[in-house]
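Protein chains: 2
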Amino acid sequence: MTPKIAHFLAEHAPATPCLVVDVDRVEARYRSLHDVLPLARIYYAVKANPAEAILRRLVSLGSAFDAASWEEIRMCLDAGAQAQDISFGNTVKKVSAIANAHAAGVTMYAFDCIEELEKLARHAPGSRVYCRLIVENEGAEWPLSRKFGTTLDSARDLMLRARALGLDPYGLSFHVGSQQTTTDAYEAAIARVGMLFTDLAAAGLNLRMVNLGGGFPIRYREDVPEIDRFALAISHAMTEHFGNDLPEMIVEPGRFIVGDAGVVSSEVVLVTRRGLKDDTRWVYLDIGRFGGLAETEGESIRYGIRTPHDGGATGQVAIAGPTCDGADIMYEKAPYALPLDLASGDRIELLSTGAYVSTYCSTRFNGFAPLTEHYI
Amino acid sequence: MTPKIAHFLAEHAPATPCLVVDVDRVEARYRSLHDVLPLARIYYAVKANPAEAILRRLVSLGSAFDAASWEEIRMCLDAGAQAQDISFGNTVKKVSAIANAHAAGVTMYAFDCIEELEKLARHAPGSRVYCRLIVENEGAEWPLSRKFGTTLDSARDLMLRARALGLDPYGLSFHVGSQQTTTDAYEAAIARVGMLFTDLAAAGLNLRMVNLGGGFPIRYREDVPEIDRFALAISHAMTEHFGNDLPEMIVEPGRFIVGDAGVVSSEVVLVTRRGLKDDTRWVYLDIGRFGGLAETEGESIRYGIRTPHDGGATGQVAIAGPTCDGADIMYEKAPYALPLDLASGDRIELLSTGAYVSTYCSTRFNGFAPLTEHYI
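So the protein sequences, as listed, match chains A and B.
Be aware that the first sequence starts at 511, since it is given in the working numbering, and climbs by one per residue.
Be aware that the second sequence starts at 511, since it is given in the working numbering, and climbs by one per residue.
Don't read these hints as lab results, they were simulated from the structure.
Any given hint could turn out to be false.
Since the list gives no way to pick one copy over another, a pair counts as held whenever it fits inside one copy or between any two copies.
[As the list claims (entries may be wrong)] Think about it this way: if two alpha-carbon atoms lie no more than 20 Å apart in a straight line, the pair counts; the simulated SDA-like pairs of lysine to any residue are:
id : residue 1 : residue 2
1  : Lys514    : Val546
2  : Lys843    : Gly808
3  : Lys843    : Arg656
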């Protein structure tokens, strides 16, 4: 939690649940990534947090943007971004979204299959396209499954087909999974990309861009490797596989830029033991899985928690949200210990909740209004 | 899909994704439940779908309401419900919510622990309270876990304590889990409730109400027992355990009332094979887990699907949503076969999506606007 957020919470005690984001911290994170990877252009993953204050700040810093939908492209344009600095990074796009993006001047599009390529050729003719490879997500705390990406063989065919369809076969992308905590996945993926570059060059196709995706981890409750470790591994791997003929490099950080710039302030609604054999103490908050903490599904992302009683004796707890839904439990297996003095009415903070919280929030499940947001 | 919905979709072809609900069907379902369980008062579980058109229709039919939050209570009052016909059924309530409900005239509250009881005694003094028992959820497709309810022993102590705190120890409740497909769970739970009634009567406490919860199943892709089977089992069990001295009976249906009154109309965004070994065909829709289909988590609720190509040759598919999130997959293991002719741009219908869809929808994940709703 930054001093600015701590001060804001102390001074205003805003109604809970709410998300408070320090936009200066967003800027600092952008700069820190740019410093260690100066050769890579940063395309901020808008889906992590599309708040106008964040987009405007990043525009002022010269960031580019990775958009998941036509609506996100519109948010970027409204915040002052130029169309040529926006990548339409979702491999699954409605025809109407492609047409809108093309009309707005967006020139770069992701794809991973022939059907999408044909849609792009028709509705965004001549555009720069990049093919997403499927890579291992081992080491990621929020892996991306088999939903996206294609094989090396298939990507080769598709890039040749892109040229035949009058598109600009611009580059390749991969995504190692979100909150990726090892550098191995990047190194392995870059090696594959390098092979395909060489192979396609032999077939007369000169790709010019590698999109390294996002996935850079932030610290929740456990240490993660520093960003310079990732930068170093990526730079090494790129040099190893491309020599001095480095292609344009793109990174798409979301969580890394905004994650630790945000804090959720929440009220404890109830603390009780349920009278069951295990005697677990249950803590119920006024925010849960359907109020924005969707990444706690499967207890994947484990947020740090601050309470007014920190320093006192603690005991193991299960932590759940305020709805009548039995699935609205954040942590039941993960080892969470909270102060024994914690009680209904206390205000607590969920740390590093700037990414993937505000937009996952449900419109009104159980009647609860969406999370209020403060950008300071 | 009711003829009215089919007609509406054919005539208006509303922008997708959207939810269309036939309010006459809601009424028919309410009446059918009332017919088979005439002795039970129906408290509609507002969380299933709090649309004003639904609440107004149910008010006109004499329904009572089970609210999960102060906001849901407000929705019911705004739709014309009387405060005495509203139960505040969430066992986890903010103090401010209890105070608001009490001020608005709500007199019935759920609880399952001493801490909540003390909040009620203080902020809703004199109210009727009922204690929620933990029961087996076996047979439920959306079970409710260990988040709610307490043991028989603990409930006994709590009801005596309620009296000591100046509250009205009114009754007991349980919930067998949502989309409960067997009658056994109701029978077992009623037996336990009956025991506790007897036990507390011996201690000088005469409870007057049994809240049987909801959970009545609807047909998705597989047949479920008819509602009269549940009504019969419940009536038998109540008579067996209470004889002629039947307490007030409450049921809290949500899914049963609105589930099959709604249809989601969606556009197919992409159909492709990913070039992987298994050669699965992937179908991407413009609605997914974060656009309202949250109950597909773990592939629990399996909606029926209609396509324009029904009747033609089919093949196994995986079905995913439109976001960049790898978790946004509805069905990958469940056996779904869809027509081989299905293609990008087709409109399809997800059947029986009237319950637990509109409100789970995220505010704007990946930039996508919330599901549009039509009540006809």
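Checked hints:
no. : hint            : verdict
1   : Lys514 - Val546 : neither (26 Å within a copy, 60 Å between copies)
2   : Lys843 - Gly808 : both (9 Å within a copy, 18 Å between copies)
3   : Lys843 - Arg656 : between (26 Å within a copy, 12 Å between copies)
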